[in-house]
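There are 6 protein chains.
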Amino acid sequence: MKVTVNRKAHFNAAHRLYNADWTDARNAIVFGKCANPHYHGHNYELTVSVKGEIHPETGFVMDMKILKNLIETEIEEQFDHKNLNEEVPEFKTLNPTAENIAVVIWNKLRPKIGKNLDLSITLFETQRNFVTYDGE
Amino acid sequence: MKVTVNRKAHFNAAHRLYNADWTDARNAIVFGKCANPHYHGHNYELTVSVKGEIHPETGFVMDMKILKNLIETEIEEQFDHKNLNEEVPEFKTLNPTAENIAVVIWNKLRPKIGKNLDLSITLFETQRNFVTYDGE
Amino acid sequence: MKVTVNRKAHFNAAHRLYNADWTDARNAIVFGKCANPHYHGHNYELTVSVKGEIHPETGFVMDMKILKNLIETEIEEQFDHKNLNEEVPEFKTLNPTAENIAVVIWNKLRPKIGKNLDLSITLFETQRNFVTYDGE
Amino acid sequence: MKVTVNRKAHFNAAHRLYNADWTDARNAIVFGKCANPHYHGHNYELTVSVKGEIHPETGFVMDMKILKNLIETEIEEQFDHKNLNEEVPEFKTLNPTAENIAVVIWNKLRPKIGKNLDLSITLFETQRNFVTYDGE
Amino acid sequence: MKVTVNRKAHFNAAHRLYNADWTDARNAIVFGKCANPHYHGHNYELTVSVKGEIHPETGFVMDMKILKNLIETEIEEQFDHKNLNEEVPEFKTLNPTAENIAVVIWNKLRPKIGKNLDLSITLFETQRNFVTYDGE
Amino acid sequence: MKVTVNRKAHFNAAHRLYNADWTDARNAIVFGKCANPHYHGHNYELTVSVKGEIHPETGFVMDMKILKNLIETEIEEQFDHKNLNEEVPEFKTLNPTAENIAVVIWNKLRPKIGKNLDLSITLFETQRNFVTYDGE
Numbered sequence: 001m002k003v004t005v006n007r008k009a010h011f012n013a014a015h016r017l018y019n020a021d022w023t024d025a026r027n028a029i030v031f032g033k034c035a036n037p038h039y040h041g042h043n044y045e046l047t048v049s050v051k052g053e054i055h056p057e058t059g060f061v062m063d064m065k066i067l068k069n070l071i072e073t074e075i076e077e078q079f080d081h082k083n084l085n086e087e088v089p090e091f092k093t094l095n096p097t098a099e100n101i102a103v104v105i106w107n108k109l110r111p112k113i114g115k116n117l118d119l120s121i122t123l124f125e126t127q128r129n130f131v132t133y134d135g136e
Numbered sequence: 001m002k003v004t005v006n007r008k009a010h011f012n013a014a015h016r017l018y019n020a021d022w023t024d025a026r027n028a029i030v031f032g033k034c035a036n037p038h039y040h041g042h043n044y045e046l047t048v049s050v051k052g053e054i055h056p057e058t059g060f061v062m063d064m065k066i067l068k069n070l071i072e073t074e075i076e077e078q079f080d081h082k083n084l085n086e087e088v089p090e091f092k093t094l095n096p097t098a099e100n101i102a103v104v105i106w107n108k109l110r111p112k113i114g115k116n117l118d119l120s121i122t123l124f125e126t127q128r129n130f131v132t133y134d135g136e
Numbered sequence: 001m002k003v004t005v006n007r008k009a010h011f012n013a014a015h016r017l018y019n020a021d022w023t024d025a026r027n028a029i030v031f032g033k034c035a036n037p038h039y040h041g042h043n044y045e046l047t048v049s050v051k052g053e054i055h056p057e058t059g060f061v062m063d064m065k066i067l068k069n070l071i072e073t074e075i076e077e078q079f080d081h082k083n084l085n086e087e088v089p090e091f092k093t094l095n096p097t098a099e100n101i102a103v104v105i106w107n108k109l110r111p112k113i114g115k116n117l118d119l120s121i122t123l124f125e126t127q128r129n130f131v132t133y134d135g136e
Numbered sequence: 001m002k003v004t005v006n007r008k009a010h011f012n013a014a015h016r017l018y019n020a021d022w023t024d025a026r027n028a029i030v031f032g033k034c035a036n037p038h039y040h041g042h043n044y045e046l047t048v049s050v051k052g053e054i055h056p057e058t059g060f061v062m063d064m065k066i067l068k069n070l071i072e073t074e075i076e077e078q079f080d081h082k083n084l085n086e087e088v089p090e091f092k093t094l095n096p097t098a099e100n101i102a103v104v105i106w107n108k109l110r111p112k113i114g115k116n117l118d119l120s121i122t123l124f125e126t127q128r129n130f131v132t133y134d135g136e
Numbered sequence: 001m002k003v004t005v006n007r008k009a010h011f012n013a014a015h016r017l018y019n020a021d022w023t024d025a026r027n028a029i030v031f032g033k034c035a036n037p038h039y040h041g042h043n044y045e046l047t048v049s050v051k052g053e054i055h056p057e058t059g060f061v062m063d064m065k066i067l068k069n070l071i072e073t074e075i076e077e078q079f080d081h082k083n084l085n086e087e088v089p090e091f092k093t094l095n096p097t098a099e100n101i102a103v104v105i106w107n108k109l110r111p112k113i114g115k116n117l118d119l120s121i122t123l124f125e126t127q128r129n130f131v132t133y134d135g136e
Numbered sequence: 001m002k003v004t005v006n007r008k009a010h011f012n013a014a015h016r017l018y019n020a021d022w023t024d025a026r027n028a029i030v031f032g033k034c035a036n037p038h039y040h041g042h043n044y045e046l047t048v049s050v051k052g053e054i055h056p057e058t059g060f061v062m063d064m065k066i067l068k069n070l071i072e073t074e075i076e077e078q079f080d081h082k083n084l085n086e087e088v089p090e091f092k093t094l095n096p097t098a099e100n101i102a103v104v105i106w107n108k109l110r111p112k113i114g115k116n117l118d119l120s121i122t123l124f125e126t127q128r129n130f131v132t133y134d135g136e
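Chains as they are written, first to last, in this note's numbering: chain A, 1 to 136; chain B, 1 to 136; chain C, 1 to 136; chain D, 1 to 136; chain E, 1 to 136; chain F, 1 to 136.
In isolation and in its complexed conformation, chain A is listed as follows (with noise of 0.2 Å):
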């Protein structure tokens, strides 16, 4: 009897999308105005899903106010305010796409979340733009 728990989160950030093998010719037709070297940015919807079985004493698959400092902790307080290209270490030689964030976050949830609970990531770039990673 698995459930799953998901938890919103938010952080707001500055990126350029920006492959450094490439020219900025290239990178300018490749990406476009998300190329732009001064920055643009968003403001990032992300929801973490935890799946596993209910603990019969608790009710809880995991209990959320753990997951939301969890977030807080590992996501929030690495991404929120900063510039995701020039900041994240993650993204010095990898390009800040939704699809690698996404990628990103969840290989840092996974190793502080219990082996029998299944993982998944879901990243808003924009109200119209979003992704999900679940690791496989």
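Nothing false has been slipped in among the hints.
Across the chosen pairs, the derived CB separations fall in these ranges:
no., chain 1, residue 1, chain 2, residue 2, range
1, B, Glu-57, C, Asp-134, 53 to 59 Å
2, F, Glu-74, D, Gly-114, 37 to 43 Å
3, C, His-55, E, Asn-116, 36 to 42 Å
Derived from the structure by calculation, the hints contain no laboratory data.
Don't be surprised by glycine CBs; every beta carbon is placed ideally from N, CA and C.
Dock chains B, C, D, E and F against the given chain A, drawing on the hints supplied.
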């Protein structure tokens, strides 16, 4: 050619999180302010999802009017403007966490939905916390 | 050059609608299922709006961090995960309708906001019902 | 390492539910006010979901600008501000239920999306009714 | 001490924008695809706002159950699942723009609301276009 | 008979809060993490509201297609995917708080809107913080 049809509904209810086998002190430690003996409450937002083949004559997987009425009779009339702990029989001995409420809703609806249809429940307890359950 | 700055917050609470001067029967007739003596509850969504001149040095009408903290201290800590009728002094003798809750919130915040600033309160009781009050 | 990228779009259209093999009376019984011969309409909210490997050079599963343009050309220009029954060839003989519209959208987009990518369609007909279809 | 109470509702309808005094060509130029003679449609989201004194015995400005029923009888039953141009008398000779629909709704509700109460209408035609009218 | 018509739009931008007349230390104290010299960013959600008489021939206060295009040309093309501090002339010496951005938008649109029409700007910086400005 299977399609999932989804219907949203809601109910407003009071509850507290509480394990009757524990001391009040332990309840307070584990459940925090959610254990408040005077209760608190939520606007629960429910999505009922039913997956199956499209009927060739109607173009429906399931008539949404029937599904809407079923949710009203089986869930809204039982839970809306109620105290879940005090007035809903299923929670006399079961802690009304979002996880357990979703399982109870699934169990109440499952016998009323055709056997050839899959059933899944999504329940928002707040705008930031929600759970999903599909009977597996 | 006056701008209105708005900050959203929320609290989850139990309540019932009840006039102690009336019989239970009259309460049931007027307030319907909202009069349930076992209580029900809501996720209240609050917007606090403050209107005034932009300060030329900061570009702020009011520092949103200060407003956020004020709402937490004065409103969220008093109302969140509480039973409004039983645990919030203002509602010992005042019926906790959305209208009255908005007036109580306005009265609690008004002395904490600069006199040169206008204050308005918007309170959603459900996604379909909300009220606004600006002290006039 | 597969990620799902999702793009939202919308179109406004008129339709009625109607089975040409039935009498008007039977249409009225089964489809109720949705069978109104004068039509009614909706703001359809569409999410197109594409799942696949992240391309190592771009960090994209699929360029969202390309996906956005594809939805505009294939779906929005065909359906927006149209009468689905009268003006969209697919619904000349197919009842434009949300289920069938989702299948038609999937069939129109599937040949335009890379074979190594999975495709799923979510379509909101109203804020409370929505369907999903992934081709299985 | 005046409070505004607001109630949300919705209706789904077909319409077209059309001035019968103009040629079809001029209608097409001015109203674009909104002039499509086969109609298109919307999920109209309505907020009815009523401002007045809080009644000291009930704590209500106006009983929201009464307001909800009034909106159902006067607006939803007249407009929902209808073709506004063909089936709603007010639009036989009046172009059903969002502006005009809001004025018609205000005119229909005004005589049913107490004279000591102010009335305002907000109508979303799409998620990005909406209008407000308060009778002035 | 005046109606307000409202059009929503959005732009994604980077910014930092900073007063060039202050030391970095004072900027850090007053603006906190918003003063980060590497910038952060937001999805700004904009509503432009225009109030005036309904034109009897069109049923419009203002053609929403014209308003949409005006917002695109004057605001979105100037602000979207930009660094407000570095690339938008108005903020070379003006701190890009939400308050100041709303005033700048109002000032840019005011000359383009008919003199018989009132103009108001609402700007969401995050889902919880927003401002309104109407030129008074």
